[in-house]
Amino acid sequence: MSDYNFAYLDEQTKRMIRRAILKGLAVPGYQVPFASREMPMPYGWGTGGVQVSAAVLCPEDTMKVIDQGADDTTNAVSIRKFFEKTAEVATTEATDEADVIQTRHRIPEQDLREDQILVYQVPIPEPLRFLEPSEVETRKMHALEEYGLMHVKLYEDIARNGAIATSYAYPVKVEGRYVMDPSPIPKFDNPKLEMAAVQLFGAGREQRIYALPPYTQVVSLDFEDHPFDPSKADHPCGLCGSEDSYLDEVIMDDSGSRMFVCSDTDYCQSRRAAGHVGHQGVPFEEVSA
Amino acid sequence: MYVAVKGGEKAIDAAHAWLAEERRGDTAIAELSVAQIREQLALSVNRVMAEGSLYDPNLAALAIKQARGDLIEAVFLIRAYRTTLPRFGATLPVETADMTCDRRVSATFKDAPGGQVLGPTFDYTHRLLDFKLAADGEVAEAPTRGAPEEATPHITTFLKQEGVIQTEVDSGDTPRDLTREPLELPADRALRLQALTRGDEGFVLGMAYSTQRGYARNHAFVGELRIGTVDVEMEIPELGFAIEVGEVELTECETVNQFTGSKTEPPQFTRGYGLVFGQSERKSISMALVDRALRWEELGEDNMGAPAQDAEFVLYHADNIQATGFLEHIKLPHYVDFQSELELVRKLRAEAEERNGANIAPQQEAAE
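Chains as they are written, first to last, in the numbering used here: chain A, 1 to 289; chain B, 1 to 368.
Hints were generated in silico from the structure; no laboratory data involved.
Here the structure is a predicted model, which is why all the values come from computation and not from measurement.
Certain hints may be false.
Calculated Cβ distances over 12 Å to all of chain B for the following chain A residues [stated by the list, open to error]:
1) Q110
2) L131
3) D244
4) H276
Per the computed footprint, the stretches of chain B lying under chain A, defined by three or more beta-carbons under 8 Å from a beta-carbon of chain A, are [to be verified]:
5) 9-15
6) 79-87
7) 180-187
8) 330-340
Only some residues are given here: those of chain B computed to face chain A with a beta carbon under 10 Å [to be verified]:
9) D177
10) D310
11) F313
From the three backbone atoms N, C-alpha and C, an ideal C-beta is built for every residue, glycine too.
Could you put the whole structure together from the sequences, leaning on the hints where they help?
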């Protein structure tokens, strides 16, 4: 791939993206417009994350790409291959070996460190979008800190259903200022948004970048009498027995019986390698043998 | 026994190998050459160049071949390629008044300097399938006539002489570049026109059609439609003057619209403008209608709340590469967010059942 520059984008474009990232880090939660480029994968398939990753990757970095928590889902494979080809960086599936982790819809179970960067793919960066379709209006609402509409929506959820009916892309408030969309991660992941690593959010089609510096205060919106509840399936993982990881549900047979397994494949595998066995699993050595 | 999904990489490789085979089709049938596509499917090539924002008939033809004839996919290939090209300057604005016209029609004046030239058009053909084409595509040579001596000035120049059409003022500003800066609103006319000329033909057509049917109606006359080639010139700093670097085929449409005047403007005609790469008539007329509808604010017209008047709506949804990418992404895995929705629905149902007691029949687990 010597026809293309390191990590595909030319240096000027990367500089433009880095400026947007720095601005995003300086104003946590604020959506910075950037001149998103057309990438060789479709809009909506991670072009924002790919551009952010391309702008922060260094040749000596090791990269990990996950989609739905898993390293082997097709789009994660495709994006990992893209960087193997265009940046020739080392890649890994191990969370603790990665310098840059690009993710779609999950935060890894394992705590991240200060020297790691987590890059999110964001479909709709605007948390107010489904309450107000106009970008001109929502930018005004952010500028004026006019978030009443969001609280009314959450209140109406409670009035109708007895609970807040948002289970993913659950809105958060950053450092008491900007309401931010954490991308469609399950609300189970929301408490992990306060972390040691740098978190960068890239929305390619919508041309926005935003960021959370390490240890930024991130509060999930709620009410005193209806506190935020980061729920998950009430089961242990069938393979590794973990009680505290986010679980995918798998349909096992024609009669619809279910099995619950960790969505974070690296986490599940590490636990099984360390000897944990769930009630439907087998010891790790037998599988890898 | 479930082990954990693996094999994404192998599946992708196999899918792509199959795709390549399907693209080629039956190998007993001769392969299509890029030159054949360029010459014989020229209107597809034009559309790909226009929406791909890259004037290169050979590359567009290659993209169509690679995309198995899916024009939006071909536009996508061209756009992705275009991103990687270095930009070493900008050309001077092309002078469409000096266009060598293959076609030039006006719906507002029966005749005008330069004349009415039908050119290679589908207009007035009877849309009857020509079964002879299935057997033999050879055609007799068309009669020719020398290029006219006289110039072909824009029709609107005659209206301008009389002062009955609004004068367009050149602000002298360098227009913002949609491909290098994020689209931010409000968008001025130059930016709107950029978005429209690379917008999806079907979308722009639908928007234009809606104005004709009464959603922000601004009755448009096709003042002029011209198709032909123009010289492209570029100023070379080392030389200190402009030189011709090539020529491009363009379709230009200027509509003349009624305007009854406003508080600030006397009654006069106004314009809508369309300019598209290649022979792209439908697109350029559509563009001119939508352009005119989007000008309601600067002309002091009422906002009828019509979709074609809403610049944010039009500009954010005209790009088919953005639209198709986002639309098709919903076939990507959404296990995680769906799982969280599933948990929530189960929880809300359980709570509702608890509240309503025996009023709701018990649900079977497997039926969820």
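* To do: Test coverage of the stretch 79-87 of chain B by chain A using CB-CB distances below 8 Å; three residues minimum.
  => Answer holds; 6 residues pass the 8 Å Cβ test.
* Asked: Minimum Cβ separation between H276 (chain A) and chain B greater than 12 Å?
  -> holds, 14 Å
* Asked: Should the interface hint for D310 (chain B) be scored as holding, given a Cβ-Cβ cut-off of 10 Å against chain A?
  -> holds, 9 Å
* Asked: Hey, does L131 (chain A) actually stay past 12 Å from chain B on C-beta?
  -> holds, 16 Å
* Asked: Counting residues of the stretch 180-187 of chain B with a beta carbon closer than 8 Å to any beta carbon of chain A, are there 3 or more?
  -> With 7 residues close enough to chain A, the hint holds.
* To do: For the hint on F313 (chain B), just tell me whether its beta-carbon gets within less than 10 Å of chain A.
  => holds, 8 Å
* Confirm or reject the statement that Q110 (chain A) sits farther than 12 Å, beta carbon to beta carbon, from all of chain B. => At about 17 Å from chain B, Q110 (chain A) clears the 12 Å cut-off, so the statement holds.
* **Within 8 Å of chain A's CB atoms, at least three CB atoms from the stretch 330-340 of chain B: coverage verdict** => holds (count 8)
* Is the nearest Cβ of chain B still more than 12 Å from the Cβ of D244 (chain A)? -> holds, 15 Å
* Coverage of the stretch 9-15 of chain B by chain A, judged on three or more residues with CB within 8 Å -> holds (count 3)
* **Satisfaction of the D177 (chain B) interface hint, Cβ to chain A closer than 10 Å** => holds, 9 Å
Hint compliance for this structure: no hint is broken.
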